[in-house]
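Asker: Here the structure of chain C is known, so what remains is to put chain F in place on it, guided by the hints.
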Amino acid sequence: MSHPLQEDLVAYRDSELSASKRVQIAAHLRSCMACTQESIQLGRVEAALASLERVSPSPDFAVTFWKRLEQEGRREPEILDERASGWWHIGEFEWLTNWQIGSVVAAAASLLIVVGYFLSGSFISQRSTHLTPTTPLAQQASIAKQARPNIPAQVQQEPQLFIDYAILASLDKFSYFDEIPTFPYMEGIGGGPSGLDIPSALRRDPSFFMHYQLLKKMEQLQYLESVLDTSGSGGASQHS
Amino acid sequence: MLITLGRDTGSRRGASPAETFWVAKCSMKQQERRSPHDDPDVQLMLRFQNGEEGAFQQLFNKHAASVVNFAFRFLGNRARAEEIAQDVFLQVYRWQERYEPKAKFSTWLFKIANNHCLNEVRRGEYRVSIDTLDQPHDGEDEAPTRALPDQEGWPGDELLAAQETADRIKDILGRIPDTQRTALLLSRLEGLSYQEVAGVLGCTEKAVKSLVFRATQSLRVGLKDTLNTS
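So the protein sequences, as listed, match chains C and F. With this note's numbering, letter number 51 in the first sequence gets 51, and the count goes up by one each step, no holes. Every number in this note's numbering is 240 more than the matching position in the second sequence, counting from 1.
Check each hint, because a few of them may be wrong.
As the list claims (entries may be wrong) - Lysine to aspartate or glutamate pairs mimicking EDC-like chemistry, simulated, CA-CA at most 20 Å apart:
#	chain 1	residue 1	chain 2	residue 2
1	F	Lys464	C	Glu46
2	F	Lys446	C	Glu7
3	F	Lys446	F	Asp418
4	F	Lys302	C	Glu53
5	F	Lys342	F	Asp281
6	C	Lys67	F	Glu292
7	F	Lys446	C	Asp14
8	C	Lys21	F	Glu445
9	F	Lys446	C	Glu16
10	F	Lys342	F	Asp278
11	C	Lys67	F	Glu293
Treat the hints as calculated values from the structure; they're not laboratory data.
So that you can see chain C by itself, here it is in the shape it has in the complex (with noise of 0.2 Å):
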C-alpha cells in the first residue's frame, strides 16, 4: 500500500475510518517508519490538545441557571435579542437568513397592528356597529370615511390602501421598521405598489414566496407613505 493521506491518518487515529481502510493503514504503519513517525507526531499534538484543563463549571452555575429558569425559562424565545438570534439557525428554521427573519417579525408586527386597531376602541368606538370581519372593503371604506372625514382622498379611492392606512398612523408605534434591511432583489419588484410582477429570484426559490407578499405590503407602505406626505394635510397629519 501507498502512504496514506495525512487527513486519512488523522482520521485513522480518530477511529473515523471504515473498517476496511483502517486495517490497511493500520498493516502500513507496521511497516512504514516514515508514517510511524507522522502518526506519532500527530498523537502529540492530540496529547497536547489533551492536556488542556476541563474546567468546571463554577459553585453558583447550577443554582443560578435554575433561578434563571424559573424567572424566564417558560417565556418564549425573543427574537429581537441579538444574542438569541442565532436560534434561527436551529430545525425547521434553518434556512431563515436575517434579512427573512426582520420579515417575519415585520410581518407579525403588521399583523398585530392591524388586528389590533380594528379591535382597538379607537377603531370600533368611533365606527359603526356594522363593521365585520366580512364587511366588504368598499364598505368599509365608506365606514372608515364617516368615521374619520379627514382620511386623504385617494386612500378612500382605493379600499385596499385603506388596512394599510391603519398601519401608517401606528408606524410610530414600531420605530423598528426602519432597521428592516433593504433587500438587494426588491429593486427587481417593478410596476408600483399594485405591480405583480414576480422577480426571478423569487420563482428560483419558492421558500422565498411566504415573504413576497410582506415585501409588496412594506412597498406598499412606503407608497402610501408618499401619498399622504403629498396629500397635504388632513390624513399626513395625523401620523406623521
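Answerer: What follows is chain F alone, placed relative to chain C:
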C-alpha cells in the same frame, strides 16, 4: 452482517484474527450509531417532553460541564462561557416541544451551543479576550486563570513549558476558522464522532474529516517548537 464483513475483508490477505474482530466491532458500532432512539439522552428528552421535569434535570446535570467547557474553549472567556451554557439549557427547556429525535441528543445540544458561541464571536468581543486570556490586566491583582490540570508538584520548568503550550493552543484556537475550531473541540475534547460533528455543523462527514485535519495541521505548525523539544 457476516456476509458484508466477508466482502470487506475478502480482498485483504493476512488479516489477523484481531483485525477481523476489530472490523466486526467497528461495523456494529456504525450500525448502532444510526439509531437515535438508542441514545439514553434521547429517551430522557422524550420523557421531558412528556412532562417529566426530572428528566431535564438529569440532562442538565450530565451535560452542563461539557457545554461550559466547549463554550470556554470556543470563546476563551469563562464567565461568558457559563452564561452561554445557561442560555443553551434555557433554550433546550423552551424548545422541548419542538425537539425531534433525529440524532443523538448531544448533537442537538452542541448545535445549539455552537450557534450561541458563533453569535458571541460575531459580536466581535471575544477575539481579543482569547488572545489575552491568562494575561494579567492593569490594576488586577487576581492571579491569571490557569489552563492546565492540577499543577501541584510540577517542577517549575515543566509548569512553565506546559503553560506556554496551553497559551499557544489557545492562541491557535482563536485564530483558526470557526468551523475548524468547532470540529476540533467537539471531536477531540468532547468525544463526538465525525457523524455527530457533521450534524452540529450541518455538513458532511467528509467535510468534518477535512476540518479536523486542517485544524490539526494548524496546531501542529503552531506547536512545532514545543513538540520537537518534548
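Asker: Next pair to validate is Lys446 of chain F with Glu16 of chain C; report whether the Cα-Cα distance is within 20 Å.
Answerer: holds, 10 Å
Asker: Below or equal to 20 Å on CA atoms is what counts here, so check Lys342 of chain F against Asp278 of chain F.
Answerer: Holds, at roughly 11 Å.
Asker: Holds or violated: Lys21 of chain C with Glu445 of chain F, Cα cutoff 20 Å?
Answerer: Status holds; Cα separation ~16 Å.
Asker: Straight-line Cα separation of Lys446 of chain F and Asp14 of chain C no greater than 20 Å?
Answerer: Roughly 13 Å separates the two Cα atoms, so the pair holds.
Asker: What's the verdict on Lys464 of chain F and Glu46 of chain C, does the C-alpha distance respect the 20 Å limit or exceed it?
Answerer: holds, 13 Å
Asker: For the pair supplied as a hint, Lys67 of chain C and Glu292 of chain F, confirm whether the alpha-carbon distance does not exceed 20 Å.
Answerer: holds, 19 Å
Asker: Take the C-alpha atoms of Lys342 of chain F and Asp281 of chain F, compute the straight-line distance between them, and say whether it is at most 20 Å.
Answerer: holds, 12 Å
Asker: Between the alpha carbons of Lys446 of chain F and Glu7 of chain C, is the straight-line distance 20 Å or under?
Answerer: holds, 10 Å
Asker: Regarding the pair Lys446 of chain F and Asp418 of chain F, is the alpha-carbon distance no greater than 20 Å?
Answerer: holds, 17 Å
Asker: Hey, Lys67 of chain C versus Glu293 of chain F, does the alpha-carbon distance stay inside 20 Å?
Answerer: holds, 15 Å
Asker: CA of Lys302 of chain F to CA of Glu53 of chain C, is that 20 Å or under?
Answerer: holds, 19 Å
Of the numbered hints given earlier, the model fails none.
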